[in-house]
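Based on the sequences and whatever the hints tell you, model everything.
Residue numbers (this note's numbering), protein chains in the order written: chain A, 1 to 133; chain B, 1 to 139.
Hints are computed from structural coordinates only; laboratory data are not their basis. Treat the hints with care, since some could be wrong.
List time: in silico BS3-like cross-link candidates among lysine-lysine, alpha-carbon distance up to 30 Å [what the hints assert, rightly or not]: (1) A/Lys79 / B/Lys32; (2) A/Lys130 / B/Lys32; (3) A/Lys22 / A/Lys79.
Spelled out from the first residue to the last, the chains are:
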Amino acid sequence: MAFSSLVLAVSQLLLGQWQFYKMIYQGQEMPPRDSNLVLQYTFEESGVSRLKWSYKNDSKFHCERIGQFSFDESNFYDKVTWVNPDNSVQCGSDPDMQLGRISQVPYSIVEGDLFTKIPLNGEVIYYVWKRIE
Amino acid sequence: MKKFSIASFVVLAAFAAKANALPDLPVDEPTKVERVMSVTNVFVSSRMDRDDASVFISGQFPNSCYQWSRATVNELEEDKSAQNMHVLRAYANVSQGMCLQVITPFTREVSIGALGDGQHTIRVLNGDGTYQQLIVDIR
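The following block contains the structure:
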């Protein structure tokens with residue numbers, strides 16, 4: 001009962017729209033590599049997730065997909081169920097934009113920010129997202 | 001100036017403390033799947049001799065979810081069908097999590113072992129059915 005309450009609490013924390021705004025690599029905080037990048041992840045109460053990114057200085061470029069997500073206390077699992085057919089051609093090379101792809105992402109919510117853990121050449125980089133909605 | 005230095009130190013220390021306050025993320029890593037990697041080049045090693053032959057293979061990991069796993073020589077029975085044929089495969093572990101679009105080159109030395117005299121074919125299989133091949137004469 002206590003565990004399910006905890007999971008429920010975590011899910012409510014995860015729900016909403018998040019925007020990537022910094023990363024942590026080798027203990028150092030860094031801004032996004034491209035300051036024009038707008039990378040957003042949305043988790044809806046219905047279990048639908050939406051991942052999209054674009055660039056402020058390039059109105060033609062955008063990648064977007066929808067998924068079905070579930071989670072436990074430490075990972076969320078996201079299966080891509082729809083990829084925007086109007087996506088830029090380059091999006092297709094990204095596994096996160098490929099139909100049917102299932103990803104398992106370790107996450108944590110600390111002081112209101114969403115931390116996601118991403119492998120990088122045997123090391124780890126944390127993407128940090130702030131809630132925007 | 002000194003005031004500025006102390007203030008700078010305090011700011012830096014605060015920044016460092018914040019940066020080091022990483023969340024307690026799970027120890028469990030995302031599931032990994034092993035895949036045969038495509039190799040773009042095969043080079044003869046300077047150590048190529050009949051007692052301990054090896055080659056260098058190189059290629060690129062297409063994103064950050066790929067990590068070097070291992071290389072095999074004549075792993076399958078079918079690889080041993082021809083004499084003096086050495087079939088190599090390079091494997092990467094692919095994490096099933098979020099990936100960064102970072103192309104990372106890799107180069108590894110792969111030991112083939114002892115080679116007898118004669119012409120040897122070293123074939124590195126890619127994941128898509130193509131291969132790179134090198135023919136060496138051992139005398």
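Hint by hint, here is what the structure shows:
1. With a C-alpha separation of about 16 Å, the suggested pairing of lysine 79 of chain A with lysine 32 of chain B holds against the 30 Å cut-off.
2. In summary, the hint linking lysine 130 of chain A to lysine 32 of chain B is supported, as the alpha carbons are separated by about 28 Å, within the 30 Å threshold.
3. Our distance criterion of 30 Å between C-alpha atoms is met by lysine 22 of chain A and lysine 79 of chain A, whose separation comes to about 25 Å.
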